[in-house]
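Model the placement of chain L on the given structure of chain Z, informed by the hints.
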Amino acid sequence: MKEVTEIVVISGKGGTGKTSLTSSFAVLGGSSMVVADCDVDAADMHLLLNPTILHEEDFYSGKTAVIETEGCVHCFKCKNVCRFDAIHVINGDFVVDELNCEGCSYCYHICPTHTIKIPDALSGKFFISKSRLDNTLVHARLKIAADNSGKLVTKVRDEAKRVAAETGKKVILVDGPPGIGCPVVASLTGTDFAVIVTEPTVSGLHDLQRVAELVAKMKIPAGVIINKSDLNLEMSGKIKNAAKELNLALIAELPYDEVFTKAITQGKTIVEYDHGNIEKKIKNSWKKIMELSIKEQ
Amino acid sequence: MIEIAIASGKGGTGKTTLSVNLASLLASQEAFDKIIICDLDVEEPNSGLFLNGDLIHKEVKYRMVPQWDEERCTLCKRCANICEFNAIAFLGISVLVFPELCHSCYACSELCPEDALPMVEHRMGELKHYKVSDKLEFIESRLDIGVEQAVPLIASSREYARNIATENTLLIYDAPPGTSCPVIEAVKNTKKTILITEPTPFGLHDLTLAVETMQEMKQPFGVVLNRSGENDNKVDEYCNTNNIEMIGKIPFMRDAAVAYSNGKLMIDSIPEIKNAITTIANNLLKEAAL
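Chains as they are written, first to last, in the working numbering: chain Z, 1 to 297; chain L, 1001 to 1290.
Isolated chain Z (complex conformation):
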C-alpha cells in the first residue's frame, strides 16, 4: 500500500455539489488529512473551512513579453510573428497586450535590437493554512485573468504532498475543477481514486460520460455520487446504468435537500448543519470512498 492515498473529487459539470461534499468529507477526515482546493479559478472551500493562513507564496509561471520603447526600430517583426495578436501599435509605440500574450518568447527571439524582455509572469498565490477543523488546507488564488491554472493546480498538489509527507498524514483530499481540460488533467494525474459528483439532469449525464472517459483514459479508478437523485428518478436510473457501463462504482445517491444551501448560507458544512438522513448518507459515502480507494491500490 502507498504511504499516502490521494482522492480527487470532480464533476465534469459545474454546480453539482462538489465543494459542499468535499468540505463535508474534510470534516469527517479531520486532522488526519491534508485538503487541497484545486479549483483554483473559482476556489470556494475556504469559505466553509475558514482557514488561518500559515504560509503564503507568490506563484510565477510562464512569461509575458515587455517591449521597451527605447531601442525599438519599429521593424514589425515581433508583430508579424506573434500568433496571439498580442502586439499592438498604439500611438506609434509597440505595446504588448498582456491578456493575449501566451509567453512563447517568439518576439524576444526575433527582435533584432533586443528590445523585448520576457520576465516571469506572476500567475497567482498559494496558501498553506490550518482550517477551523484542524485539517491542513492548501489553496490558491489564480491572478485575475491569468493563464496557467493547470500549473497552479500541480503546485497546490505538490505542496499538499510535501506537507502530508512531512507531517505523516495518510490522506490527501482534492477538490477538483469542473470540465475535462488542462486543470482537470492536472488534478487527476497520478491520483489514486476519483469521486465524480453528478446530478440527474441531461447535462449531468452527458458531462459524466465525458469525464468518465477521461478518467478511464488516465487509468484512474472512480466512483459516482448522484446528488439531488430524487429530482428526476428516471434520469437517476439512466445515470446508474451509465455508471455500470462505464465501470464506475456507485458510491451514493443523495436526495435533493435544502440543507445543502442552508448549511452553506450559514458558513457550515452539511455534516455540521444536519444531523439526520443526509449526514448519515454522507458519512457512509466517505467510508465507502476510503474502502474503494484503498482496495484499488
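What the hints contain is simulated information worked out from the structure, not anything from laboratory work. If a hint is listed, it holds; no wrong ones were tucked in.
Derived list of chain Z stretches under chain L, where covered just means 3 residues or more per stretch with a C-beta under 8 Å from a C-beta of chain L:
{"hint": "1", "stretch": "13-24"}
{"hint": "2", "stretch": "104-116"}
{"hint": "3", "stretch": "172-180"}
{"hint": "4", "stretch": "199-207"}
The structure displayed is predicted, hence computed values, not measured ones. The beta carbon of each residue, even a glycine, is placed where N, CA and C say it ideally should be.
Only chain L this time, still in chain Z's reference frame:
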C-alpha cells in the same frame, strides 16, 4: 452583428439555461434577423441537449503543431532551448514533440535553421452547426477527450460563428465556467457579458472573481441572478454598492429544475420563467447597443 456572452465564475449557475431560453425567446421576436447560440464550453458542451435542430455542417478542428523531420535535423537543440512550454525534448539522437504541451506559437518551426520542424495539423475537436428554426441556429464545439487546451478551439469556433453571422445577427456565446484563459477567450471583445450567479455564498464569491476579471479586461457586463428568492439580499447589496447593473432575476422553482433535468426549455412550460427571461431580453434590448 452583435456578440454577447453568458458567463459565470461558479459552475452550474444557469449559463446554459439562460442561453437557450433567451435565444429561443428572441428568435420569436422581431429585433434580430437571426440568433446564433455558440456553445463555447467546449469541455462540457450542454446547450445542444436543449435544442433540436438539423445538422447543416460539421468540421473537424485542428491546430498546428511541429513535426520532427529526422532527415533534415542536425540536432542543434535550438528548438528545445526556445520552447517555453517544454513541448520539445531530445532523447539521444531523436526529438520528441508533445502536442498537448505545444501552444502553436510556431517559434521552433520558423526559427529552426534547417526547417526540420514543419507545422502539421493536430486534431483538437469537432464543430457542428445546426439549424433549429428559420431564425435560430446553433453551433457546438466539442473538445476531444484528452485534449487539454480549450482556448484554440474556442477561438476558432468564434471565428466560424462570426463568418456565418449576417448584419443583423445576435451571437450568444455560452461560456465555460471559471475566470481563467478559456473564459477570457470566450468573452473578450463582446458587446456585453452577462454574469449569471445564484444567491449563495459560493455564488457571490465567484461572482466577485468574475467581476474583477471583467474589470481587468475592461469588458462591459451586467448580472443576472438565478434561483432568486429569499436570500437575494447579499448579491443585491454587492451589485448596488459596486454600481453593477442587475439585468434581471430568474425565480427559484423546483419545476424549473425538473424541466432542466429533462432537457426542456423553461419558457415553453413555466410562465414565471418566461416572464423573467422576457424582462432580461427587454433590458438587454433597451440599451442602444443591442
